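*Asks:* So the sequences go chain by chain: A and B. Heads up: the first sequence is residues 1 to 311, going by the numbering used here. Heads up: the second sequence is residues 312 to 642, going by the numbering used here.
Hints listed in this document are in silico derivations from the structure and should not be mistaken for laboratory results. Bear in mind the structure is a predicted one, so any value in this text is a computation, not a measurement. A few of these clues could be false.
[To be verified] Result set (SDA-like, lysine to any residue): computed pairs, CA atoms no more than 25 Å apart in a straight line: (1) A:K91 with B:A575; (2) A:K53 with B:A461; (3) A:K143 with B:P470; (4) B:K614 with B:M312; (5) A:K53 with A:A71; (6) A:K91 with B:M312; (7) A:K91 with B:K614; (8) B:K465 with A:S52; (9) B:K465 with A:A260; (10) A:K53 with B:I457; (11) A:K91 with B:P382; (12) B:K465 with A:P25.
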Amino acid sequence: MPTDIHSSIPPHPRLSLGPLLYYWPREQVLDFYAEMIETPVQVIYLGETICSKRRLLRPEDWWDLAERVAASGREPVISTLALIESEGELKTLERQCADRRFLIEANDLAALDFLEGRPFVTGPSINLYNQRTLGFLAARGLKRWVLPVELGRATAIDLMSVRPAGVECEVFAFGRLPLAYSARCFTAYNNGQGKDQCEFRCGEHPDGLLITTQEGQPFLALNGIQTQSAATHSLLASLDDVTALGIDLLRISPQSHDTAAIVRTYAACLSGDLSAANGLTRLRDLAPDGLVDGYWSGAAGIAATAALTGG
Amino acid sequence: MELVCPAGNLPSLKAAVDNGADAVYIGFRDDTNARHFAGLNFGDKQIQEGLRYARDRQVKVFVAVNTYAQPQGWERWTNAVDRAADLGVDALILADMGVLDYAAERHPELRLHLSVQASATSPAAIRFMHRHFGIRRVVVPRVLSIAQVAQLIKESPVPIEIFGFGSLCVMVEGRCLLSSYATGQSPNTFGACSPAAHVQWSDTPAGQETRLGGILIERRDRNEPAGYPTICKGRYEVEGETRYAIEEPTSLNTLDLLPQIMSAGVAAIKLEGRQRSTRYVSDVTRVWRDAIDSCRRNPAAFKPKTDWMDTLARVSEGTQTTIGPYERTWH
Chain A
1 MPTDIHSSIP PHPRLSLGPL LYYWPREQVL DFYAEMIETP VQVIYLGETI CSKRRLLRPE
61 DWWDLAERVA ASGREPVIST LALIESEGEL KTLERQCADR RFLIEANDLA ALDFLEGRPF
121 VTGPSINLYN QRTLGFLAAR GLKRWVLPVE LGRATAIDLM SVRPAGVECE VFAFGRLPLA
181 YSARCFTAYN NGQGKDQCEF RCGEHPDGLL ITTQEGQPFL ALNGIQTQSA ATHSLLASLD
241 DVTALGIDLL RISPQSHDTA AIVRTYAACL SGDLSAANGL TRLRDLAPDG LVDGYWSGAA
301 GIAATAALTG G
Chain B
312 MELVCPAGNL PSLKAAVDNG ADAVYIGFRD DTNARHFAGL NFGDKQIQEG LRYARDRQVK
372 VFVAVNTYAQ PQGWERWTNA VDRAADLGVD ALILADMGVL DYAAERHPEL RLHLSVQASA
432 TSPAAIRFMH RHFGIRRVVV PRVLSIAQVA QLIKESPVPI EIFGFGSLCV MVEGRCLLSS
492 YATGQSPNTF GACSPAAHVQ WSDTPAGQET RLGGILIERR DRNEPAGYPT ICKGRYEVEG
552 ETRYAIEEPT SLNTLDLLPQ IMSAGVAAIK LEGRQRSTRY VSDVTRVWRD AIDSCRRNPA
612 AFKPKTDWMD TLARVSEGTQ TTIGPYERTW H
């Protein structure tokens, strides 16, 4: 596979690596990012977005990683918590937002309060659904927004047509879909524990805890307070469409295995070195519980086009 | 503390008013509100009559326009805001920043409340929305413990309204896409969780099955009651066991907490259930009116009466109620 980033032009749309949503051992996280800065991703989001109890990496550690990402010629972005409940969480958020070295991804309204007036990104859990919200946030400093995952190409087209100059659109292009957040930690709950006594059981599920229906269909994955799809959302079958629309970035969401191979597959398909059909054959082997892409066409998120499944 | 009651139609609005509501909240007949169900909600004539009925009895009427507008349907949301302003409602309950921006600019005199669907859970989030849209009240998502609610009230620039009773959203409101993952339609985009057209009930040899968008979300014995078919209250396989992996089919009842809710300085308590019957609205409004009055007279001695709890249990979905996230052990 053509993987040498030094000899090829960066893919367009650019590839980004979304924030790590799971709780992996510290060494695994550091190794993971060391590997990622050798891949064709152009933007890397760093930080804990799910649970403030996860502290194997502190904000300082994420900033160190951001420096390393920047030194590799890639753009680091600091991602922030998606659900703010406590005073402590708010203080950490404020501290992250006060640091001016890196661009910051807001994932909760609270971050907008701290970031207003300087450049920022909104993540998929900020509800930017229409042109007026886009214009309003652009006037506050928005430089890039991640399309909420339940919105599809029709809304993307409308928003792209009215977006203010210099504001980029990123779409969630690979990974288990972030679907919901709760006060409850579901990993702890399924272990008979409350969040305050969680014993970090989420660390035992490097890609989330799988939920299947009573007839054996993989359905959801529980990741602490977050609920994800069990299936992996992929826009690989729609790359031509996404490119033609002028989408600026495609987000790959980290998983515990083969993320580098996934990034390289997307890059090779974007550059034309690999056909979408062959790329999809590879992806099918790398997604733990099947591929879906229904949201992009305005269908149920769990639906999949024939091209995606090879059916 | 204001008692804010639900109404899905004119008889329910009157029932809420007659049984002691301080305010009633309603929606228009389309996807601009989060209870977009067939046969539910208000046209202009019903609203005018409802407003007259409520005003004559010193009760306020709020209109919820609390879903998220997309570019294709944008005018429906601005029209809803304009209609509510023209009708002279007491407050508009909004979630979408774009719709809030429109309402604040076009109708600066109109009182705006931030809907629970906006997902504002902290003083910073509320500050941001207050600074830009002049919101005068916030309905907070069901994610905070009562201690956290009390703290938030101290720091919030505007009064806080909380949910006290009814169907329990397990996920932070406004950021739950479980329904659209299975059906293509969510509270944000369509104004309903688990829209009826996508729900299928069937009796099979293995038990009674509920499917949403074709996905089996519950299979139960014939003697078990069926609740509203949401994904978060379905039963699934987790590590080889069949269980309610997210939440049991339970609903919220905070009557036990009423003294703490009042002493925390909660400005208003909201009862869920615009989709429920007029009888439901009468019953829950009457119980909560009595309870609030009783607690106000003597908070130290307050204890929920058995007949209140019986009435609430009878109208609750599922077989049990919970204090939910207001109690830390739920988290």
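*Asks:* Would the hint linking A:K91 and B:M312 be met if the CA-CA limit is 25 Å?
*Replies:* Violated, because 30 Å separates the two Cα atoms, which is more than 25 Å.
*Asks:* Check whether the Cα positions of A:K53 and B:A461 lie no farther apart than 25 Å.
*Replies:* Holds, at about 22 Å.
*Asks:* Given the hint that A:K91 pairs with B:A575, test it: the Cα-Cα distance must not exceed 25 Å.
*Replies:* 23 Å, holds
*Asks:* With a cut-off of 25 Å on the C-alpha distance, tell me whether A:K53 and A:A71 pass.
*Replies:* With Cα atoms ~29 Å apart, A:K53 and A:A71 exceed 25 Å; violated.
*Asks:* Taken at face value, is the distance from the CA of B:M312 to the CA of B:K614 at most 25 Å?
*Replies:* 18 Å, holds
*Asks:* Within 25 Å, alpha carbon to alpha carbon, are A:K91 and B:P382?
*Replies:* 36 Å, violated
*Asks:* Keeping to a limit of 25 Å between CA atoms, is the pair of B:K465 and A:P25 held or broken?
*Replies:* 38 Å, violated
*Asks:* Taking 25 Å as the top limit, are the C-alpha atoms of A:K53 and B:I457 close enough?
*Replies:* OK: A:K53 and B:I457 at ~20 Å, within 25 Å.
*Asks:* Hint check: B:K465 vs A:S52, CA-CA at most 25 Å. Holds or violated?
*Replies:* Roughly 23 Å between the alpha carbons, so the hint for B:K465 and A:S52 holds.
*Asks:* Taking 25 Å as the top limit, are the C-alpha atoms of B:K465 and A:A260 close enough?
*Replies:* Distance of about 48 Å is beyond 25 Å: violated.
*Asks:* Keeping to a limit of 25 Å between CA atoms, is the pair of A:K91 and B:K614 held or broken?
*Replies:* 38 Å, violated
*Asks:* Below or equal to 25 Å on CA atoms is what counts here, so check A:K143 against B:P470.
*Replies:* 33 Å, violated
Violated hints, in rising order: 3, 5, 6, 7, 9, 11, 12; the structure is consistent with all others.
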